[in-house]
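There are 2 protein chains.
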Amino acid sequence: MMGETMALTAAVAFAKDNGDRFVDELKALLRIPSVSTAPEHVGDVRRAAEFCAAELTRIGLEHVRLIETSTADRAGYPLVYADWLHIPGKPTVLCYGHYDVQPAEPLDEWKSPPFEPEIRGENIYARGAVDDKGQMWMHVKALEALMVAGGGTLPVNVRVILEGEEEVGGEGIAAFVREHGEQLKADVALVSDTELFADGLPTLCVGLRGMIYTEIEARGPRTDLHSGMYGGAAPNPFVALAQIIAKLKDEDGKILVPGLYEKVQKPTDDELKAWKALPFDEEHYRETEVGSTVLTGEPGFSVMERTWARPTLEVHGMPGGFIGAGAKTVIPAKATAKVSLRLVPNMTPAETFAQLKGFVESIRPKGIVIEVRMLHSGDPIVVSTDNEFVRAATEAMRTVFGKETVFVRGGGSIPIVGDFVRHLKIPTVMMGFGLPDDNLHAPNEKFHLPNFHRGIESIIRWLQAVGA
Amino acid sequence: MMGETMALTAAVAFAKDNGDRFVDELKALLRIPSVSTAPEHVGDVRRAAEFCAAELTRIGLEHVRLIETSTADRAGYPLVYADWLHIPGKPTVLCYGHYDVQPAEPLDEWKSPPFEPEIRGENIYARGAVDDKGQMWMHVKALEALMVAGGGTLPVNVRVILEGEEEVGGEGIAAFVREHGEQLKADVALVSDTELFADGLPTLCVGLRGMIYTEIEARGPRTDLHSGMYGGAAPNPFVALAQIIAKLKDEDGKILVPGLYEKVQKPTDDELKAWKALPFDEEHYRETEVGSTVLTGEPGFSVMERTWARPTLEVHGMPGGFIGAGAKTVIPAKATAKVSLRLVPNMTPAETFAQLKGFVESIRPKGIVIEVRMLHSGDPIVVSTDNEFVRAATEAMRTVFGKETVFVRGGGSIPIVGDFVRHLKIPTVMMGFGLPDDNLHAPNEKFHLPNFHRGIESIIRWLQAVGA
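The listed protein sequences derive, respectively, from chains X and R.
Residue numbering for the first sequence is 1 to 468, as defined by UniProt numbering.
Residue numbering for the second sequence is 1 to 468, as defined by UniProt numbering.
With the rest of the complex left out, here is chain X (with noise of 0.2 Å):
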């Protein structure tokens, strides 16, 4: 226990002492724009898995691997997995994150580019700086730090697995859990890519909404016409989506497709008053965060509730026609809506699925061809917090924070969370620290790098509780 405890003071120390060496390292991890949704970047994306690998070795972990994906339709980004197993009889942990990121667009919106990492105050802007890079990075100089500091051992049985698809769907990294599930066996899974609730305030993650991303194309006329010779013979796919749409969810955010709200659970009594009693100004989060002139959604639920435990429906763009500027009177021949909706427990992505593609297709409107297609989904995830990895994990954001630990849930999507449940029949330690400004999937995405240096100390925290 004495060794362990000194092993624990130096490991802090040494995070402390190279910190600035730990934000450098992440900074060029950053500037590889490996977005992953993008053709052009399949370079990059590759070359920023070959980043993570190195640097796996180079801290003294072993078998450290690429392990290529493919699926029906493409090939995938490779998983990087490394380990070090050399405590019989302790606990293994599966460290998860991915390496690529969401696209940058729009540019214009950007402070700084999106792939030229910039300090600015106390915080790194760059994308991927938060989501997941940056938190991922964590991981791997926490389990540096406890490597130096125990002389080239760990208090724990440490599996890593990154991956390179989670922005587009996360099909290869499924499909090994899947199928592979025996070379990732491990007692818990800690990911970090959730949020604290507010600076300085820990905060683990109990809870995630699952979702469908749909595409709804619908098609008019054969070829794209002059809106002038046919308007008013033709049918236009625009119009016919805004018209669905419109029917999908009304003005209060209600989602109108039948039967979509039947299997919902509520979430318990407790948790509910629990949200209550967490620090929060609705028009200092209106105001900061969405920044509209006023919040939407069901009536009658609570932000927290709304978003966290309610599903939604979203429209993401509408591909198809004229976009560019100025004036061209076309009717096109198709028309392309990306919606996507969160599910929340008890919900399941397959009947939601058909829910929303059965309901779409009753409301099509005359002259108009539609097809809907899932491009992908996730489970909605709880997690028990009665635990002993939970609990430590409270601890040990107590002990770096100085206050109370906090239960929330996620209103995105993780969906490997659901993967270790259903096929390594493991729980997930949700411990995040990025901020709810962060600008997660927007222009001028950051990460606190004082978040950034909590995280590594939590994390070495907690591996050492787990191994103790």
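If you're looking for bench data, these hints aren't it; they were derived computationally from the structure.
Keep in mind the model is a prediction, meaning the values are calculated, not measured.
Identical copies carry no separate label here, and so any pair may be met within one copy or between two of them.
Lysine-lysine pairs mimicking DSBU-like chemistry, simulated, CA-CA at most 30 Å apart:
hint : residue 1 : residue 2
1    : K247      : K366
2    : K276      : K366
3    : K366      : K263
4    : K263      : K276
5    : K247      : K357
Fit chain R to the supplied structure of chain X, relying on the hints for placement.
Frame of chain X, contents of chain R only:
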């Protein structure tokens, strides 16, 4: 009179003998990608102007010059002017055309590249083949034939005015006509930017719909947001636009903007009767031109009435958000709908825009900030058939085609025709030689070459008759 008949015969023969060369010249013009909506083609648009000016000079017109234009917010494309005014006492004809073209997108639907003209069968395929380079070239070639046949003289006074901004609203020529009308003093204008009702059927267009082209911009959150984290609290601009559009037009095609139909002037009973007599097979039209499962539009009106004499509303594209392949889970800060309305006689662009804007603002969804802006507009037009120029055109086409000429309207808009009425106080003969399936503004635009040659002969005969 004998001399005139001989000159006419010689001009027609010259056009026949030189038909292949005329097509080669047209090909050269079509190779210039003079897309006036696209900033990257600025040099090409000007090159097309210079190409036309050089040819007008070569065939013997005088005072050939480029007239620079500009609007409040950008430099414009030049007008090309030329004249030949040596027969005092004879009428002056103003030949109008435009040398700019629509964007060629979507490129992957073209069977041959849009700016590499290709003849397949009896058609020439290229962007601008019929709209309007091919039709404008008929004017130039008719003038060349008459000039050669007349030994350096024409049978009538002629001014030529070509513009390079027809596809972006034609503000430059509109301003020039308004402010320098005396430089275009004429008795009648000739515009060839319309089509035959059916192949082989000589057709004069005596009415056009007007239009307003608008953008409806919806703003929700201050910045793009993650739909997982904020779905349920943040307003979504695409959903808002869908809700708005669904309230602008019902599923039968009726426009729901209050007051919009109030001023609509019905066609005369004679006109409706003539339209009923036109050779028109609705099922053939649906299948070969529109290609949709059914036709749409206001119940109780024929296709001709719906496309020529009723206002319509169309959505052309909805820029904003994420439109790439795959999934991006964003609630965009803003989205825009490109929405145009076609106007019929007695409606005015200003009043229609005010009605649209007022209604859209009145149905603005919660949390959304709306801006409605007009990009450009044109008046609806009806031309009297009771004048000598229209009668001469009727006769010229009857001679060339060997059939009685029919009178139709067009569903599209040619704003310059309204400007000629308002500022030059002259009627316009709309003698066009396109075909209904020429794919105007769409991929695989074409011009049926026999109609190119018939058009040249019709214009030769008409100019000769006007000067007789």
